[in-house]
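Trainee: These protein sequence lines are chains A and B, in that order. One rule links them: number in the numbering used here = place in the first sequence (from 1) + 23. Just so you know, the numbering used here puts 86 at position 99 of the second sequence, and the rest follows in order with no gaps.
Just so you know, the hints here were simulated from the structure itself, not pulled from any lab data. Don't take every hint at face value.
[What the hints assert, rightly or not] A few chain A residues facing chain B, derived, Cβ under 10 Å:
no.	residue
1	Q61
2	A115
3	N122
4	G129
[Unchecked claim] Computed cross-link-like contacts, PhoX-like style, restricted to lysine-lysine with a CA-CA straight-line distance of at most 25 Å:
no.	chain 1	residue 1	chain 2	residue 2
5	B	K29	B	K65
6	A	K81	A	K92
7	A	K100	B	K29
8	A	K45	A	K92
9	B	K44	B	K29
10	B	K29	A	K45
[Claimed, not checked] Listed next, the stretches of chain A that the computed footprint assigns to chain B, with coverage defined by at least 3 CB atoms under 8 Å from CB atoms of chain B:
no.	stretch
11	51 to 59
12	69 to 82
Virtual Cβ for every residue (Gly too), placed ideally from N, Cα, C.
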Amino acid sequence: AQSVAQPEDQVNVAEGNPLTVKCTYSVSGNPYLFWYVQYPNRGLQFLLKYITGDNLVKGSYGFEAEFNKSQTSFHLKKPSALVSDSALYFCAVGRNAGNMLTFGGGTRLMVKP
Amino acid sequence: EPEVTQTPSHQVTQMGQEVILRCVPISNHLYFYWYRQILGQKVEFLVSFYNNEISEKSEIFDDQFSVERPDGSNFTLKIRSTKLEDSAMYFCASSDRSSFTDTQYFGPGTRLTVL
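In isolation and in its complexed conformation, chain A is listed as follows (with noise of 0.2 Å):
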């Protein structure tokens, strides 16, 4: 079985600072891990994905996220928050092309001016 948690509910950041929104995940098997973005009354957009190779992803929005194995974690990461960013994010984590998601619980991104 797979697993994804995300340990925060919230995160709070001032406009301008670094972002940094937690997920941890649990695969047997190489994982695909993506970050996805839910703002409100909209669809779940695509962020970045980690599917190989450098550890470091960079994504959409100037959105990035560090893959490391040894502690199954792939944080996304932003280094300086717009209010624009202030949205609901999503980690996933599938097994194969093809194949089922599993989310995590998601993490309110709050952006203060």
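We have chain A; now place chain B onto it with these hints.
Mentor: What follows is chain B alone, placed relative to chain A:
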């Protein structure tokens, strides 16, 4: 940019009624999925569909649920006899297996309310 679309955006139904949720996946995608999100809870996988058959399903996807690709563009989720606990946001997603990307792209969702 191509996107997944879903109709209706909001469906209200009476308990015991049948509902059909519709999705138009991205046109060149080969894998199709349904997920649901009960209010305040995690996004949960329901079913994946490839080559006109179910490739994987979760324990949630019982005999009350079915999926179909009735034509070359639509992908539907049918709930035969809705229960109160079926109230949720239902997301359709699609992915392109022909490349290594395999990113699942999600539609905006259909909010199902069972009264």
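Trainee: All hints are to be evaluated individually against the structure, with a verdict given for each.
Mentor: Do the hints match the structure? See the list:
A least Cβ separation of about 9 Å between Q61(A) and chain B falls short of the 10 Å threshold, and the interface hint therefore holds. A hinted interface residue such as A115(A) counts as satisfied when its beta carbon comes closer than 10 Å to some beta carbon of chain B; here the least separation is about 8 Å, so the hint holds. The beta carbon of N122(A) comes within 7 Å of a beta carbon in chain B, closer than 10 Å, and the hint placing it at the interface holds. Interface hint status for G129(A): upheld, as the beta-carbon distance to the closest one in chain B is roughly 7 Å, under 10 Å.
Straight-line distance between C-alpha atoms of K29(B) and K65(B) comes to about 21 Å, which keeps the hinted pair within the 25 Å bound. Restraint check for K81(A) and K92(A): satisfied, since their Cα atoms lie roughly 17 Å apart, inside the 25 Å limit. For the given pair, K100(A) sits about 22 Å from K29(B) by alpha-carbon distance, which is consistent with the 25 Å threshold. Pair hint K45(A) plus K92(A) holds up; C-alpha atoms about 14 Å apart against a cutoff of 25 Å.
This hinted pair checks out: K44(B) and K29(B) have alpha carbons roughly 17 Å apart, not beyond 25 Å. Proposed proximity of K29(B) and K45(A) is supported: the alpha carbons are some 16 Å apart, at most 25 Å. Given as covered by chain B, the stretch 51 to 59 of chain A passes the check, having 3 residues with a CB less than 8 Å from a CB of that chain where 3 are the minimum. Residue count for the stretch 69 to 82 of chain A with a Cβ under 8 Å from a Cβ of chain B: 3. That meets the three needed, and the coverage hint holds.
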